[in-house]
Amino acid sequence: MSKIKNKSVLRNILISMLAGIFVIMCLRDSDAQTSQLFRVYSTEVSGKIAETSEAVAAGKKIYEIKCYYCHGIKGDGNGSDAPRLDPKPRNFTRNEYKIRSTGPGVLPTDEDLYRIISSGVEGSAMPFWNTLKPEERWQVIFYIKTFNPEFKNKSDRSEVSLAGGTASSPDSIKRGKKLFKEAKCILCHGEDGRGEGPITTTLKKQWDLQFKARDLTQSWMYKGGNTEGDIFRTITTGLNETPMGSYADYLTDDDRWHLSHYVKSISHDMKTDVVLKSKLLEGNLPKGPDDVAWDTLEAVELPLAGQIVASPRFWTPSANSIRIRSFYNDKNIAFLVEWDDRTNEQSEIYSDAVALQFPTKIPEGLKKPYFAMGDSSKGVELLHWKAYDESVLTVQSSEEDNIETEADGGSEAEDEPDEAESEETADEEQEDELVSEGSAMQEFEGFFSIKEMNAKGFKRLSVQPDASQNSKGKGHWKNGKWQVMITRPLFTRDKKIDVQFEKGKLIPYALAVWDGSNSEIKGQKAISSWYYLTLEMTTPNSVYIYAIVAVIMAICIQFWVVARIRRFPTEIPEE
Amino acid sequence: MAKNKNSYSMIMVIVSVLIVFAIIKVIAPYVFMILLAKDHTMPTPSTLLLWYMVLAVLASLVYVSTSDLKWANFLSFILPAGDDKFKALFQKMMVIAFPLLVGWFVYSGTVPGTASPVELRIQHPTLLQEFEKLENPFANADEATKRKCIEEGKHLYQQNCRPCHGSKADGNGPFANAFRLRPINFTDPGTIATVVENFAFWRIKEGGPGLPAVSTPWDSAMPAWKDVLTDTQIWKIIMGEYVTAGVQSRQREEMEH
Numbered sequence: 001m002s003k004i005k006n007k008s009v010l011r012n013i014l015i016s017m018l019a020g021i022f023v024i025m026c027l028r029d030s031d032a033q034t035s036q037l038f039r040v041y042s043t044e045v046s047g048k049i050a051e052t053s054e055a056v057a058a059g060k061k062i063y064e065i066k067c068y069y070c071h072g073i074k075g076d077g078n079g080s081d082a083p084r085l086d087p088k089p090r091n092f093t094r095n096e097y098k099i100r101s102t103g104p105g106v107l108p109t110d111e112d113l114y115r116i117i118s119s120g121v122e123g124s125a126m127p128f129w130n131t132l133k134p135e136e137r138w139q140v141i142f143y144i145k146t147f148n149p150e151f152k153n154k155s156d157r158s159e160v161s162l163a164g165g166t167a168s169s170p171d172s173i174k175r176g177k178k179l180f181k182e183a184k185c186i187l188c189h190g191e192d193g194r195g196e197g198p199i200t201t202t203l204k205k206q207w208d209l210q211f212k213a214r215d216l217t218q219s220w221m222y223k224g225g226n227t228e229g230d231i232f233r234t235i236t237t238g239l240n241e242t243p244m245g246s247y248a249d250y251l252t253d254d255d256r257w258h259l260s261h262y263v264k265s266i267s268h269d270m271k272t273d274v275v276l277k278s279k280l281l282e283g284n285l286p287k288g289p290d291d292v293a294w295d296t297l298e299a300v301e302l303p304l305a306g307q308i309v310a311s312p313r314f315w316t317p318s319a320n321s322i323r324i325r326s327f328y329n330d331k332n333i334a335f336l337v338e339w340d341d342r343t344n345e346q347s348e349i350y351s352d353a354v355a356l357q358f359p360t361k362i363p364e365g366l367k368k369p370y371f372a373m374g375d376s377s378k379g380v381e382l383l384h385w386k387a388y389d390e391s392v393l394t395v396q397s398s399e400e401d402n403i404e405t406e407a408d409g410g411s412e413a414e415d416e417p418d419e420a421e422s423e424e425t426a427d428e429e430q431e432d433e434l435v436s437e438g439s440a441m442q443e444f445e446g447f448f449s450i451k452e453m454n455a456k457g458f459k460r461l462s463v464q465p466d467a468s469q470n471s472k473g474k475g476h477w478k479n480g481k482w483q484v485m486i487t488r489p490l491f492t493r494d495k496k497i498d499v500q501f502e503k504g505k506l507i508p509y510a511l512a513v514w515d516g517s518n519s520e521i522k523g524q525k526a527i528s529s530w531y532y533l534t535l536e537m538t539t540p541n542s543v544y545i546y547a548i549v550a551v552i553m554a555i556c557i558q559f560w561v562v563a564r565i566r567r568f569p570t571e572i573p574e575e
Numbered sequence: 576m577a578k579n580k581n582s583y584s585m586i587m588v589i590v591s592v593l594i595v596f597a598i599i600k601v602i603a604p605y606v607f608m609i610l611l612a613k614d615h616t617m618p619t620p621s622t623l624l625l626w627y628m629v630l631a632v633l634a635s636l637v638y639v640s641t642s643d644l645k646w647a648n649f650l651s652f653i654l655p656a657g658d659d660k661f662k663a664l665f666q667k668m669m670v671i672a673f674p675l676l677v678g679w680f681v682y683s684g685t686v687p688g689t690a691s692p693v694e695l696r697i698q699h700p701t702l703l704q705e706f707e708k709l710e711n712p713f714a715n716a717d718e719a720t721k722r723k724c725i726e727e728g729k730h731l732y733q734q735n736c737r738p739c740h741g742s743k744a745d746g747n748g749p750f751a752n753a754f755r756l757r758p759i760n761f762t763d764p765g766t767i768a769t770v771v772e773n774f775a776f777w778r779i780k781e782g783g784p785g786l787p788a789v790s791t792p793w794d795s796a797m798p799a800w801k802d803v804l805t806d807t808q809i810w811k812i813i814m815g816e817y818v819t820a821g822v823q824s825r826q827r828e829e830m831e832h
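Protein chains in written order, with my numbering: chain A, 1 to 575; chain B, 576 to 832.
Only chain A is shown next, with the shape it has when bound in the complex:
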């Protein structure tokens, strides 16, 4: 009997564990998809061979098959593909090597070069050459070294010490944040680490130098790896021929680790979700892009790519990701889009901008308009916000206020209705006026009308007439980040040219971003794929009623079965 009891105890434990696992799996929400799989910067080095003339010759052959399209036949980074690359390919004739374990100004070790070839460079066109055997990688390395005579010097190319790694902790991060200011990191990387520091803009504006400080919040764009050890190595060795110097003599080892922990803490991974859930709000929508209500929502981040679908194609977009959130109430829907932009400098021609794209009619089946500006049979609607337009309207609005204040009687000047015809071109810029509706003014005070357009392909783009312009927007740039809030009524009267935001539907949406300081205009922009928007619905009471009824029915059936079996027990046949 004791033996049976022990067995039962074990069985009980097993059942409890399985039941717990079952409950956890049922209750746990699925994680958001990680579409950006960061490749780890591998420090492993293997199979080094002797540097002989035969190895160099073999490396030359491989170089002229794999490498010279970007790096050039002379290793100067002027290959045939180089004009379309951002960042530019490495010029092997200079001491431009950035990701190294050697001291500042020192050429990298052979092992450093091996790691770059093996892991590639994130955020650039440099792939991880896992298709080359280690022997082949070493051969290419030996050939690449021939482009720079300084490799022949027997000077010291030893690795600096990267010892003393400590674990991250809140105190360490706090200390690192303080060091981020004291060591003047904010001068290039900016207060929030998005690369918008004053030196970055000065280098570009005054000296036309194209150095761009890393946006430290985007961990998927870190070159040379994004672990704390990788960050520590970069702080210790610096990046040759860039404003990023070495802090080995300026900061102690411990301080550099604190700084690494802080930098790691402000970076985030990209979490993309296919469906954006617009949250239902009772009452008014947020007052602006910096309203605290937006912080209650988790953003969906979408990766972006240059527009390569239609000519002229765009190869070097500035933005590589954008974040979006959404609220709605019984009348309106609001979107908050955020993207990192080092500067908000722009001109009338090249303006920072964002566009939301929806099908004009929600697709019933799987068929959708073409994801880039629709197609001839299915059109799309664009809600197009431009920063320059908003700044102009802000100035106009303040001027109008001044004029009204200066008038003694305070009488309102009558605005003549400007009936602009629908234009078959996007070139003509149209001045939008404030919507005079009182209720709308109260809910979206400080917002300006933004342009609603329809497109059936890149060449068939039309602006909607004034009476159909229902969208409003407001933008805010601070510390290297644009935040733009765009609102629109859920339903409009223009059913043929406007999307209607219905509940319970999966509405495709796509985003596009322009960066004025990168000379982006028209089709020169960063675009995303189709994703889906759905208006979150509160769970109807019928769902709970059904569940309760099901539980009650299950209980009744269960007790009926038990009672029946107990009243008419099955006789165990005698052996």
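Take every hint as true, because none was put in to throw you off.
Derived EDC-like pairs (lysine to aspartate or glutamate); straight-line CA-CA distance at most 20 Å: (1) B/Lys-613 with A/Asp-269; (2) A/Lys-367 with B/Asp-794; (3) A/Lys-61 with B/Glu-727.
Simulated from the structure, these hints should not be mistaken for lab results. Just so you know, these numbers come straight off a predicted model, no measurement behind them.
Please arrange chain B on chain A, whose structure you already have, making use of the hints.
Structure of chain B alone, referenced to chain A:
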């Protein structure tokens, strides 16, 4: 004694079903992650999980009903527990868990969800007839001309195709992650190695918009290169593309005379 010895068969059935569930739900994703050498777990589709669970339950019921003795022992668990405290405990757990489980399934089945729709597409649709008879104009050229065309094609590939398909044609270019319909990995033997060169020509020339509806052209970011590339350049890109990827195209079947 014999009665007590066999009275837990119902519990064993339940435990077995739960173990099968755990294997399919939790262990299988990791197993396939290892087998397929992926960076992430491979979740089991919910419909597949449902069918396997149905089979597991049916198999268990078939087993316990293969003889009168087994069936009697199976049902005897529901009889009063008497002095067996563990049996009483298990009976209470069952009585409580079954209605809750039914309620959970009804709730999760009726609560409005927001999953993205399933979008099936045909990767290699039928080649259009107008492209079927095309031939690579350099197929019968001399070796020097071929080598020159391949080299020029590789340059054109690196300039135009590399942003999405990558420098080594593995679909890992800088723009690749932005498109939910990812660029094709040409080094995969199931892609351009399984089609004739005409198919690649069609896809390069007409791009995503040229696809039939079964291949969801509205989601494809493949440009229609006919606006900037000549037919000759497209053929050269095809030659350079195959060499860059390290694969060969499928040869056309011999025509029967």
